[in-house]
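Engineer: Going down the list, the protein sequences come from chains A and B. Here the first sequence is numbered in numbering that gives the first Met the number 0, starting from 0 and rising by one per residue. Here the second sequence is numbered in numbering that gives the first Met the number 0, starting from 0 and rising by one per residue.
These are computed hints drawn from the structure, not numbers from a lab. Some hints here could point you the wrong way.
One copy or two, either will do: identical chains are not told apart, so a pair holds if it fits within one copy or between any two.
Straight-line C-alpha distance at most 27 angstroms; calculated DSS-like pairs for lysine-lysine [said to hold, decoys possible]:
id, residue 1, residue 2
1, K661, K578
2, K96, K578
3, K419, K457
4, K66, K189
5, K419, K454
6, K607, K276
7, K191, K65
2 protein chains.
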Amino acid sequence: MMRFLFCLLSAFVVFPSLAQQVAVLNSPNKGIQLSTVKTVDGSLTYQVQLKGKEVISNSTLGFILKKPAIELKKFTVLSIDSSAVSSTWKPIWGEVKEISNQYNELVLHTTSNGILIDLIFRIFDDGVGLRYHFPVQANFQHFIVDQELTQFNMSGDHTAFWIPGDYDTNEYTYNKTKLSEIDATTAAAKEKDIAVTALMGKNVVQTPLMMKSANGFYLNIHEAALVNYPAMHLRLDQTTQTFQSVLVPDAVGNKAYLQTPFSTPWRTMVMSEKAEKILESKLILNLNEPAKFGDSTWIKPQKFMGMWWEMHIGKANWPLAGGKHGANTANVKRYIDFAAQHGFDGVLVEGWNQGWEDWFGNWKEEVFDFVSPYPDYAIDSLTQYAQAKGLRLIMHHETSGSVTNYERRMDEAYQYMVSKGINTVKTGYVGKIIPRGEHHDSQWMVNHYNRVAEKAAKYHLMVDSHESVHPTGLHRTYPNWMAAEAARGSEFNNAPTLGIIPEHTTILPFTRLMGGPMDYTPGLFHMSLNQFDSTRTQKVRSTLAKQLALYITVYSPLQMAADLPENYEGHLDAFQFIKDVAVDWDDTKVLSAEPGDYVSIARKAKNKDTWFIGSITDENARNVSLALDFLDAGTAYEAMLYRDADDADFEKNPEAYVIEKKLVSKSSNLTFRLQRGGGCAVVLKKL
Amino acid sequence: MMRFLFCLLSAFVVFPSLAQQVAVLNSPNKGIQLSTVKTVDGSLTYQVQLKGKEVISNSTLGFILKKPAIELKKFTVLSIDSSAVSSTWKPIWGEVKEISNQYNELVLHTTSNGILIDLIFRIFDDGVGLRYHFPVQANFQHFIVDQELTQFNMSGDHTAFWIPGDYDTNEYTYNKTKLSEIDATTAAAKEKDIAVTALMGKNVVQTPLMMKSANGFYLNIHEAALVNYPAMHLRLDQTTQTFQSVLVPDAVGNKAYLQTPFSTPWRTMVMSEKAEKILESKLILNLNEPAKFGDSTWIKPQKFMGMWWEMHIGKANWPLAGGKHGANTANVKRYIDFAAQHGFDGVLVEGWNQGWEDWFGNWKEEVFDFVSPYPDYAIDSLTQYAQAKGLRLIMHHETSGSVTNYERRMDEAYQYMVSKGINTVKTGYVGKIIPRGEHHDSQWMVNHYNRVAEKAAKYHLMVDSHESVHPTGLHRTYPNWMAAEAARGSEFNNAPTLGIIPEHTTILPFTRLMGGPMDYTPGLFHMSLNQFDSTRTQKVRSTLAKQLALYITVYSPLQMAADLPENYEGHLDAFQFIKDVAVDWDDTKVLSAEPGDYVSIARKAKNKDTWFIGSITDENARNVSLALDFLDAGTAYEAMLYRDADDADFEKNPEAYVIEKKLVSKSSNLTFRLQRGGGCAVVLKKL
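Isolated chain A, as found in the complex (with noise of 0.2 angstroms):
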C-alpha cells in the first residue's frame, strides 16, 4: 500500500542566508499544491494552493514548551521523505459503504533547539493535514507544552461561520461575518442560556470553521484523531488574518503532558470550490486510525424516542421531589410502547436515578452514583417490559461535571448496564469539571472522553456523549462511539434568548458536523412550547417538514425521534417518515448545499435499493430542484415527499404540511419548494 514516490516531490537544495522553498507536494489530482518554506529567520512556513488560488499563504509552524523552557520555532532540515497512499476502508457504520484514502505525504525530519520533531503532511485532493510527531530520542522524553504555534495564514478577508473560542462549551449561535468583523466577546454576550462558559477572547473563535472566499473557495479548519492533547482553538491577528492555534489549558495552566514518542493531533485544512465538497471530504475520517475493536458485531446504528423533551418543556421534571417526575414507571412504559409499536430500537430515560434534587450549579463532587434508581422507576420490570416488545432500554449518566466522580464509578455502573440488558448510555457533562480548573476540552478531559468510549467498549456498549469536546472523526476509532452533541442541539429550542435561528441547521453541517454524527434529536411536530406550560413563548423555529428532513441532513447513526408520543399521534402520517428513514447507509451525494442557507443531501439505506433526500432552507423560502442522476438507470422510482405546505412558515404555520407521491426515474430532476424556515423530506422506492 505505501510505496515511496519520489518522484512527486520537489526538493531544493537550502541556501541559509535566502529564504528557499524546502519541498513542494501536489495532492493524487494535482489540485491542491503545499509547498514548505525555511525563512531566512530559520522558521518554516507552508503555504497551500487550490487550483492555483492561495488558500493558506505563508504559514509558521512551532512549539513554546513550558518543561523543558524552550521554544520550538526554528528548524535544521535533516530529511525529507515523501509518499503515496492509495487504499479503501469499509466503516463499520457511516454516510457511504467504502471510503478512499489517497493522498500524498511529505515528512520533513527536522530538528529544533537540539529536538527532533518530523512535520507531516498529507495532501488530499480535497484538503490538507498537518502533524507534529516528536520520536524517541535521547535527552528528551517528558515534556509540557505551553503553546502551539501553528499558523492559519488566510489569503483573504473571507466570510466566516463561527462561535466563540470557549474552554467549556461549543453550544453558541453560529455566526456569519467577514474574518475582519469577527467579536466573539459581543457575539457571546447575547447568549443566556448556555449552562457553564468561559471564553477564550475577543478574537477566538472555535473549529471546525468555515469559510467562504471571495474569490470562489471554501475552506474549512479542524483537527482529526484529537486523542491525548487538548482541543484546539483559533486566535485571529486580524491586522493579518492569520489564526494561531490556541490551545485549551488545564487547572495550572499548562496545555499537555507528553512523552516521545508523540504526534499530535491533525490539523486539517478540507478545501474545495464546492461547497458540496466539503461536506462530502473524508479527509478527517482518513487521518483517524482503525476500529480499536475486532469484534464490531454489537455496535448498532438506532432509532430512539425518549423520557427527555417533555422535561424540557415542562410536562414533567428529572427529580422525583417536586411531584412531576417524568422517569416513572407507567410513563415510561407509555413510551416503551409506542415506540414498540412503531418499530423503534430504544427508549431513553433521562431522570430515572437519584440525584436529581441537587445536581447542577455548585461544583459538587458527590451527585449521581449511576446506580440507584428512583423509588418509583422499576427499572428491572421495565427493562423486561422493553425487551420483551424488542427494544431496550437507553441508559442516562449526567456527570453534572464531576468527572472524577463518574470515573470511580464507571466500571460499576457499566456493569449494572449489562447487568439490565442495556446496550447504549447517554453521557452529560453539565456544569463546571471536577477535578476542578480542568475544562470540557482539556487535555484530561479529552482523555476521559475517549477512556469512556474505550471502557464502554469493554462492556460492549454504545455511547452518546452530551456537552463533550468537539468530534474529530474518533468514531472511525472508536465506533461504539456512536454519536456526540457538542454543538447547539434542538434543546435550545426552548432555550428564551436565541433560540435555533432558522440557519443554524444549514451550518451544523459545515460545521459541528465536519468532526462527527450529531446527537441533534430533531423530530419535533409541536412547534409552540406552551404546550404545558402556557408561559412560555418559545417556538421551535422550523416547519414540521424541516423536522423531518433533518433526519438526513444532520448525520448521525443514533437518531431520536425527540416529541411526545402524543405529539406524534396527532401526525402519524407524518410521523410515517421517521419510522422509515434508515440510520445507516451505502451511499451519500451532496445534492446542493451553501453554509447558512440550504442543504440538500441524498442518502441510499444500508444494503437497500431505498434513498431518502432532506432538503432544508434557512429563514428564505426557495424552490429547489435537484438532479436525480444518482439512482439506478432502467427503473422507476417512487418519490414520496414530505414538504412544507404552501402556506408553511416556521413563524405563522410551521406544522402545516403536504405528504404526496411523484414518479421519478434517473433523469428526473425533482422539485419542490422550501417554505421561510422550511424542508423537505423523500423516500425514493424502487418500483
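Once you have looked at the hints, place chain B on chain A.
Structural biologist: Showing chain B alone in chain A's frame:
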C-alpha cells in the same frame, strides 16, 4: 450518656456597647476554663486557662466565604447550650484497652451575616476542642470557603517544635525555636531531599505544633477528624504571637466546597503542666467518630519485614531494568523464609509491579496499573509460599501522585489483592498530585485518603499510607487505616543532606504521633549505609539499642523490621526484642518525656502480663531512672534490658549494645544509661 448540665455553665447577658463575656465553661476537673467573649466590634473570641494560667489568649473565630462572597466575622448569639459527657469506649486496637471520654460541651448557636453557625467547644481535662457547625437552613446550602479565621493567640514567646508549612509534604526536620524566631523559609532551604515541596511562607508552620511555655505548661495544637476539608496549617503573626488557621487550597485557590449540614474538623489544643500528659492524651481520638465498620475481626495489628531498605541503600532497585531488580522471586523467598522463621506476620514487597522504569518526576498520569507484576516476580507461587509458612505478602501501591489513575483502578487493584490472598496495602504518593493543581493536603486529597480507607474496608484490606496528609485520629473511625508515614520517617537516614538527627524521634511523639500511628520503619542494625555502595557517607544516627526502643516510643499497630535479613543474622540476640515486642496494647504509661530531649514509655502487651519499655534520648547521653509502680504488686518480674554498651555512641560506636537481665518489682526503680543518640528497650516478664 448525654445530659444537660446548665449548672456547669456561666452565661451572661450581653450588652451591645461593651465587650462582654458570653459563657464560661470548665473542664470536668475544673483544671481548664474556657471563656467566650463578644467584643465591641461584634466578633466572638475565646480564651483558655489552665490552672489559672492563660494558655490561649483572646482569639477570634470566623470565615471568609468565596461563594456566597461574604465574611463571617461578627456573630449574634441566639442561644447557648451546654452539656456534660462521661463515657468510655474500647478501641479495636490501640495503646490502651479502654478510653475515657469526659468533657463539658458548650454550643453557641449564632448567626453571622444572616447565616446560622454553631460554635462548639468541648473542654476536657487535658485540653479543648472547637469546631464550627453549619446547620441546615433556608437560603444557605452550598458554600465555598476562602479562608478560615480561627485564631490561636499565644500567651508568651513559647519554645516551639515546628516544621515549615507546606501544601505537599510533612517530611521536614523539626526545628526548635522561640515563636519569635520561626523562619520556615530558612529552615526549608536546608532541606534537599524531599521529593515535592510547596512552601506556604516564612511564618507558616504545620500542626501538630508542640510548644512549651516559660511559665510551665505544654501546649499542642492540631486538628481532629479531618473529613471533607483541607488540612489546617498555622500562620504566625509574630508581632502579636497569634496563629491563624491557613487551609490548603485546591487548583483554583478555593479551600473547601461544602454543603449544609457540615461540621468542620475539630481544632485541638492539648495542654498540661506535664509533658507526659500530652503524650497520654486521648483528646484527639475522642473527637473522632466511632468505627464505621461493624465487623472488625479482619483487622489485625502486625509486624512485617520488607523488600524495601535494600533498595534504599543500593543493594537492589525497584525497576526491572538496570539489572538490580530487588523484587525477584528468589530474593522475596529469602525474605519470606527469614520472616517466617522469626514469627513475622507479613513481608512487604516494593518494586513488584511494572512501571518503575519511568514512574516519578514528570507529572505523568498513567504509570502503574497495580495488577501487572514484573515477569521475574512469581506472585502466585510467592503468595502460596508465604501462606504455607503462615504469613502474608503486603502489597505496595505507589501512585506516584497520580491519584486519578489510582482511583480509576482501585477496585480492580483491591480485587487483585483479594484474589492473591493479600490483606494489607502500603500506599504511596511520591510526586506532584494529579488532578494537577491539587495538593497532598487539599480537600480533594483528604477525601481521597478517607475514600481509600473506606473502599479498602469493603475488601477487608488494611492500609498503611505514605506521603499522605497528617493523621487526625481517623484511625478510630477507619480502624483498617492502620498507620501512615506523613512525617520524616526512618528512610531519611539515607538522605544525604540532613538525615535523621538524634532528637527527631524524641519530638515525633509530641508532634506527628499526636494524630495517630506512624509507619516509621525502625529496626536498623547496620548503621553505615555504605554496605553495598562504598561511595555513600550517610549513617544512621542512632545506636542499635535505640532502634529497638523505637518499637515502643513510636506507636504503631503495624511495625516494620526495616533492615535486611543478613543484617539481623549477625545480631540475633538483639533481634529477639523485635521478635518479642507486641504491636497491640492493653495499657500505656508515659514514664518520662521532654520534647527534643528524651522519651520513656511503658506498654503492657494485649491480653498478656508482659510490659515493654522503650527509652530514647537525643544527642546527649543521660542516666534514666524509671519507677516501675505500674507493675502488679506482690510479684517479681524479670527485666531483660537491651541497652547501649558503655562505649556506645551514635556517631562513633552505634552498634554496641548489652543485653542484661535484672530482677525487679513494683517498688523498683529501673536505672540505665542512654548513650549519645542512644536508647534502651526492656521486656518485663512476670516470674
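Engineer: Classify it for me, K419 with K457: is the Cα-Cα distance of at most 27 angstroms met within a copy, between copies, both or neither?
Structural biologist: both (16 angstroms within a copy, 24 angstroms between copies)
Engineer: Treating 27 angstroms as the Cα threshold, decide for K607 and K276: within, between, both or neither.
Structural biologist: Answer is within: at 25 angstroms inside a copy they meet the 27 angstroms cutoff, but 87 angstroms across does not.
Engineer: Is it within, between, both, or neither for K66 and K189, if the alpha carbons may be no more than 27 angstroms apart?
Structural biologist: Close across copies (25 angstroms), not inside one copy (39 angstroms); limit 27 angstroms.
Engineer: Tell me, please, which holds for K191 and K65 at an alpha-carbon limit of 27 angstroms: within, between, both or neither?
Structural biologist: Intra 36 angstroms, inter 24 angstroms, cutoff 27 angstroms: inter-copy only.
Engineer: Which holds for K96 with K578 at a C-alpha limit of 27 angstroms: within a copy, between copies, both or neither?
Structural biologist: within (22 angstroms within a copy, 73 angstroms between copies)
Engineer: Please work out whether the CA atoms of K661 and K578 approach to 27 angstroms or closer within one copy, between two copies, in both situations, or in neither?
Structural biologist: Cα proximity of K661 and K578: one copy only (20 angstroms, versus 96 angstroms across).
Engineer: Measure nothing new, just compare the shortest in-copy and cross-copy C-alpha distances for K419 and K454 to 27 angstroms and report within, between, both or neither.
Structural biologist: Answer is both; intra-copy 17 angstroms and inter-copy 25 angstroms each pass.
Taken one by one, the earlier hints all hold for this structure without exception.
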